[in-house]
Amino acid sequence: MAHSITWKIGGEAGFGIMASGTMLAKAFARHGYFVFTLNEYPSLIRGGHNAVTVRIATEPFDSLDRSLHVLVALNKESVEVHKKELTEGTVLLYDPNDYPWKREELPSGVMLIPLPFREIVQKHAGDVIMRNTVALGASIAIMGAPFEYLADVIRDQFVRKGEAVVNHNIDIARAGYDAAGESVVSLSALKLDPVDQPTDYLLMNGSEAVGLGAVRAGLKFAAIYPMTPINALITFLADHAKSLGVVYKQPEDEIAGINMAIGASIAGVRSMVATSGGGFALMVEGLSLAGMIEVPLVIDMGMRVGPATGMPTWTEQGELGFLIHAGHGEFARIILTPADATQAYDLTIKAFNLAEQFHVPVFVLTDKYLNESQWCVEASLLKGEVHIDRGKVIPEARGPSETGFKRYDLSSPDGVSARSFPGMKGGQYMANSYEHDETGLVSEDAAMRKAMVDRRLRKIDAIKKVIMPPAVYGNAASETAIVTWGSTLGPVLEAVKDSARIIHFPWLYPFPSEQTKTLLSGAGRIIDVEQNATGQLASLIREHTGIEVTEKVLKYDGRPFLPEEIVERIKI
Amino acid sequence: MTLTADSFKTGYLPTWCPGCGDFGIWMALKNALVELGIGPDDALLVYGIGCHGNMYSWMRTYAVEGLHGRTLPVAQGAKLANHTVPVIAIAGDGDCLGEGGNHFIHAAKRNPDITVLIHDNQVYGLTTGQASPTAKDKLKTKSTPEGVVDTPVNPLTLAIVSGATFVARAFAGDLPGLTKLIVAAVKHKGFSVLDILQPCVTFDHVHTYQWYRPRLYQLDPATYQPSDRMKAIEKALEWGDKIPVGVLYQEEAPTSEDREPALSAGALASRPLGVTDVDALLSEFR
Chain C
1 MAHSITWKIG
11 GEAGFGIMAS
21 GTMLAKAFAR
31 HGYFVFTLNE
41 YPSLIRGGHN
51 AVTVRIATEP
61 FDSLDRSLHV
71 LVALNKESVE
81 VHKKELTEGT
91 VLLYDPNDYP
101 WKREELPSGV
111 MLIPLPFREI
121 VQKHAGDVIM
131 RNTVALGASI
141 AIMGAPFEYL
151 ADVIRDQFVR
161 KGEAVVNHNI
171 DIARAGYDAA
181 GESVVSLSAL
191 KLDPVDQPTD
201 YLLMNGSEAV
211 GLGAVRAGLK
221 FAAIYPMTPI
231 NALITFLADH
241 AKSLGVVYKQ
251 PEDEIAGINM
261 AIGASIAGVR
271 SMVATSGGGF
281 ALMVEGLSLA
291 GMIEVPLVID
301 MGMRVGPATG
311 MPTWTEQGEL
321 GFLIHAGHGE
331 FARIILTPAD
341 ATQAYDLTIK
351 AFNLAEQFHV
361 PVFVLTDKYL
371 NESQWCVEAS
381 LLKGEVHIDR
391 GKVIPEARGP
401 SETGFKRYDL
411 SSPDGVSARS
421 FPGMKGGQYM
431 ANSYEHDETG
441 LVSEDAAMRK
451 AMVDRRLRKI
461 DAIKKVIMPP
471 AVYGNAASET
481 AIVTWGSTLG
491 PVLEAVKDSA
501 RIIHFPWLYP
511 FPSEQTKTLL
521 SGAGRIIDVE
531 QNATGQLASL
541 IREHTGIEVT
551 EKVLKYDGRP
561 FLPEEIVERI
571 KI
Chain E
1001 MTLTADSFKT
1011 GYLPTWCPGC
1021 GDFGIWMALK
1031 NALVELGIGP
1041 DDALLVYGIG
1051 CHGNMYSWMR
1061 TYAVEGLHGR
1071 TLPVAQGAKL
1081 ANHTVPVIAI
1091 AGDGDCLGEG
1101 GNHFIHAAKR
1111 NPDITVLIHD
1121 NQVYGLTTGQ
1131 ASPTAKDKLK
1141 TKSTPEGVVD
1151 TPVNPLTLAI
1161 VSGATFVARA
1171 FAGDLPGLTK
1181 LIVAAVKHKG
1191 FSVLDILQPC
1201 VTFDHVHTYQ
1211 WYRPRLYQLD
1221 PATYQPSDRM
1231 KAIEKALEWG
1241 DKIPVGVLYQ
1251 EEAPTSEDRE
1261 PALSAGALAS
1271 RPLGVTDVDA
1281 LLSEFR
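Those protein sequence lines, which keep their order, are chains C and E.
Using my numbering, you'd call the opening residue of the first sequence number 1 and step up by one each time.
Using my numbering, you'd call the opening residue of the second sequence number 1001 and step up by one each time.
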């Protein structure tokens, strides 16, 4: 019996690969298994190799590892691409009509289960695209789960297409289940243990977690130009716009997107944009505007491999430095860096509150790995009351203004002065990209300029008072400290949870300098683990604490860390 | 307090060159707002960067003086967030048709209930006299010493073919006529484009008040029907000895806000925050 199984399906893009992973993961998550899915695909829609990896376990885990227990190959290429991941005991499910694999062509100990996917589909009058359904049925059988686990998910997946489609898919899955069942009676090593006390799990990708957090925090307006890896956020917001009373607008470009969101924020609603590095490059001027006129704004920045178009569908943590320094002029900003879907949900809610408390742009800095992987989230964590703090806003009932309202009041001790919204009587002011006085009128007076800069930057001190300190995981007493941020936490935990002091930054800017110094004190070795080529977190730590992190474990091939490589490279 | 043109005073005096066409546009705008009953707290004006944009300094209303070229995206975001507040964009020709050309096309196709006043003077005044996208007649400027060689952008035809539902041309030297057109543009439900011919007395010595006056003629509502798109395009292309002024094109069409189901329950800005049925929302993740 097994407590953790890693399953992978590979095939051509357009063959339902992604959907297969989701369905298998849901089939188990519904019964209290902890699951995770990772998709890997090139930047195209048809053809090309797609793969989804699903890990299913009886207990929570933090990331995938090198294990591969089942490989479902929907074409010959899938075996060729993943051959080196196969080890003793891996089951290879394949269609012998694609290619009649022989034992000697594969690593030793691989168990071959030929299943004529095509023939089975044809026998049930199905389309060739339904081969993945056969494979899912067979996979469920191999893992020793009841067929109903899968049938339930298929039913929900196709219910909108009618009873006939549901039954057709269930029949085809059943055929796969039965066909595999005949040949795998002896495969007890791959049968998953039962879960004793099932947790109520949800399955969602990082973008959906950001979307959920946003709408629960009262998002009303989003203008997002499509870009990998944040497209699932667009789908989520557009799908729910009507029922939740949200406007999602597709702008003509990212420049329009950020300026629309700024306009909506000025008009009094919670607004956001989302993009990746290239799109954010276009937004940079708008970011500076937000800094100058002090509009609350949430930016979901999903990193992918750069520079330029880079490798659009692969992951990287290369934009930290870019975000810290983006925008001409000096102004306050906040950068939050969630590790997983649960944190993405929590920190998105936090981002909206921070933006309105301090009237600054707040980044939720995510990446492809976080945005497009599907994570197991405990339902109870997403159901609680959401605290909404709209910051300082003038009361509605005022008489008409005869002079401008001091929207940029210099006397505010924390640098944050009350907002008014167009249409509010007595609130007239100007949101002015030029340097301005307290009502927003242009001013190039030396004293006014200095006073305004000082006031705007006072907000940084105020923000520092509510900073989220780095979180410590693993063995806090260990002399080996690992510093990491964002979604790299998972593989690090999976690698060295018991043997190192793991310091994870969910908030990177303004940098928690004092907290970091304290947490790093007494560490004999400090190792920086991050997904970029230059060690941007290490640079930030040096800049703000004077501590030089000399050991760096960096990865920048577009693939997320696997715990084994961290272990090999750290050598504790 | 009675609303008058003085209600918009800020205490700042204009810094435009004496004789600038911007004066006429500013005064007509104030008159139009008074006529429409829109006071300083009641509307949002979104300005671009350029000589035109400096108007905000002596025009007290809720305003955004944003970034060069980005007037229309800011205006659209504000409109969708609170469609009960009138939104007027004050844009330049370089601002709206050069730096912000893409936004202009897309704003037109969405048809938001926004009025845009294009200060069309064929030059970049604030940067001391380079050619703008609308520069015509081989205009010699600091950036085109041999005269403009590119085909000028025609804001009117561009607006009409892009989907704007109110397209008019006005003259900064005709205060009553311009006031009337601004009132009509703001009243029109949809994207209203008002291309305002505006002499730059400092950097354009060709297109002066004297050059314009004998050439401009008023479209006669008795003989010209602004509902015909093809005729409107034809009119919009007239330039030279005869230049038409007035409403060239107008149609009734659903606005960007009409097409947003979320706005049917009222302005987004006045709606409660958050999600009422969390369980229903989470069900798709099971």
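Where hints are given, some of them may not hold.
Stated by the list, open to error - Short derived list, chain E residues pointing at chain C, Cβ under 8 Å:
(1) Pro1040
(2) Leu1067
(3) Ala1081
(4) Thr1141
(5) Leu1237
(6) Trp1239
Stated by the list, open to error - Here are the computed lysine to aspartate or glutamate pairs in the EDC-like style, where the Cα-Cα straight-line distance is at most 16 Å:
(7) C:Lys242 - E:Glu1251
(8) E:Lys1009 - C:Glu548
(9) C:Lys383 - E:Glu1260
(10) C:Lys406 - C:Glu438
(11) C:Lys464 - C:Asp414
(12) C:Lys517 - C:Glu568
(13) C:Lys497 - C:Glu479
(14) C:Lys242 - E:Asp1042
(15) E:Lys1109 - C:Glu105
(16) E:Lys1109 - C:Asp200
(17) C:Lys571 - C:Glu551
(18) C:Lys383 - E:Asp1277
(19) C:Lys497 - C:Glu77
(20) C:Lys123 - C:Asp171
(21) C:Lys242 - C:Glu252
(22) E:Lys1231 - E:Glu1251
(23) C:Lys383 - E:Asp1150
(24) C:Lys425 - E:Asp1042
(25) C:Lys102 - C:Asp62
(26) C:Lys465 - C:Glu402
(27) C:Lys242 - E:Asp1277
(28) E:Lys1109 - E:Glu1234
Honestly, the hints are just simulated from the structure, not real lab data.
Every residue gets a Cβ at the ideal spot worked out from N, C-alpha and C, and that includes glycine.
Against the structure, the hints come out as follows:
{"no.": "1", "hint": "Pro1040", "verdict": "5 Å, holds"}
{"no.": "2", "hint": "Leu1067", "verdict": "5 Å, holds"}
{"no.": "3", "hint": "Ala1081", "verdict": "4 Å, holds"}
{"no.": "4", "hint": "Thr1141", "verdict": "25 Å, violated"}
{"no.": "5", "hint": "Leu1237", "verdict": "26 Å, violated"}
{"no.": "6", "hint": "Trp1239", "verdict": "28 Å, violated"}
{"no.": "7", "hint": "C:Lys242 - E:Glu1251", "verdict": "27 Å, violated"}
{"no.": "8", "hint": "E:Lys1009 - C:Glu548", "verdict": "57 Å, violated"}
{"no.": "9", "hint": "C:Lys383 - E:Glu1260", "verdict": "28 Å, violated"}
{"no.": "10", "hint": "C:Lys406 - C:Glu438", "verdict": "5 Å, holds"}
{"no.": "11", "hint": "C:Lys464 - C:Asp414", "verdict": "11 Å, holds"}
{"no.": "12", "hint": "C:Lys517 - C:Glu568", "verdict": "27 Å, violated"}
{"no.": "13", "hint": "C:Lys497 - C:Glu479", "verdict": "14 Å, holds"}
{"no.": "14", "hint": "C:Lys242 - E:Asp1042", "verdict": "28 Å, violated"}
{"no.": "15", "hint": "E:Lys1109 - C:Glu105", "verdict": "59 Å, violated"}
{"no.": "16", "hint": "E:Lys1109 - C:Asp200", "verdict": "46 Å, violated"}
{"no.": "17", "hint": "C:Lys571 - C:Glu551", "verdict": "12 Å, holds"}
{"no.": "18", "hint": "C:Lys383 - E:Asp1277", "verdict": "10 Å, holds"}
{"no.": "19", "hint": "C:Lys497 - C:Glu77", "verdict": "36 Å, violated"}
{"no.": "20", "hint": "C:Lys123 - C:Asp171", "verdict": "11 Å, holds"}
{"no.": "21", "hint": "C:Lys242 - C:Glu252", "verdict": "22 Å, violated"}
{"no.": "22", "hint": "E:Lys1231 - E:Glu1251", "verdict": "13 Å, holds"}
{"no.": "23", "hint": "C:Lys383 - E:Asp1150", "verdict": "60 Å, violated"}
{"no.": "24", "hint": "C:Lys425 - E:Asp1042", "verdict": "8 Å, holds"}
{"no.": "25", "hint": "C:Lys102 - C:Asp62", "verdict": "35 Å, violated"}
{"no.": "26", "hint": "C:Lys465 - C:Glu402", "verdict": "37 Å, violated"}
{"no.": "27", "hint": "C:Lys242 - E:Asp1277", "verdict": "14 Å, holds"}
{"no.": "28", "hint": "E:Lys1109 - E:Glu1234", "verdict": "20 Å, violated"}
Figure legend: structure checked against the earlier numbered hints; hints not met, in rising order: 4, 5, 6, 7, 8, 9, 12, 14, 15, 16, 19, 21, 23, 25, 26, 28.
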